[in-house]
Amino acid sequence: MKDNIRLELERGGKLDDLETKSDMLNEGSRQFAIHAQKLKKKYWWKNCRMWVILGSVIAIIIIIIV
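Residue numbers (the working numbering): 11 to 76.
Incorrect hints may appear among the rest.
Unchecked claim - Beta-carbon label-pair distances, calculated as ranges:
1) K51 - I73: 31 to 37 Å
2) N36 - K12: 50 to 56 Å
3) I74 - R40: 37 to 43 Å
4) L28 - V67: 37 to 43 Å
5) D27 - V67: 56 to 62 Å
6) K31 - Y53: 54 to 60 Å
7) I72 - E37: 49 to 55 Å
Source of the hints: derived by calculation from the structure; they are not laboratory data.
The C-beta atom is built at its ideal place from N, Cα and C for all residues, glycine as well.
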């Protein structure tokens, strides 16, 4: 009977550890998603600026040629 109680206490401790690790993983994934969204937006704007600059250069070249 003492062994059963000891095993049950060990199992409860392991479940608490697992729950803690699960919460930490969930928080980490949430932070990753937020950071990924910010990074995606940053590079979208960077790409957009590059296309505007490229379009402007091409327009200037066409105006100079014509």
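So, going through the hints one by one against the coordinates:
1. K51 - I73: 31 to 37 Å: holds (33 Å)
2. N36 - K12: 50 to 56 Å: At 36 Å between Cβs, range violated.
3. I74 - R40: 37 to 43 Å: At 52 Å between Cβs, range violated.
4. L28 - V67: 37 to 43 Å: Taking Cβ atoms as reference, L28 and V67 lie about 58 Å apart, which means the hint is violated.
5. D27 - V67: 56 to 62 Å: With a Cβ separation near 59 Å, D27 and V67 satisfy 56 to 62 Å, so the hint holds.
6. K31 - Y53: 54 to 60 Å: Roughly 32 Å apart at Cβ, these two residues miss the hinted range, so it is violated.
7. I72 - E37: 49 to 55 Å: Because 53 Å falls inside the window, the suggested range holds.
Violated hints, listed in ascending order, are 2, 3, 4, 6; each of the other numbered hints is respected by the structure.
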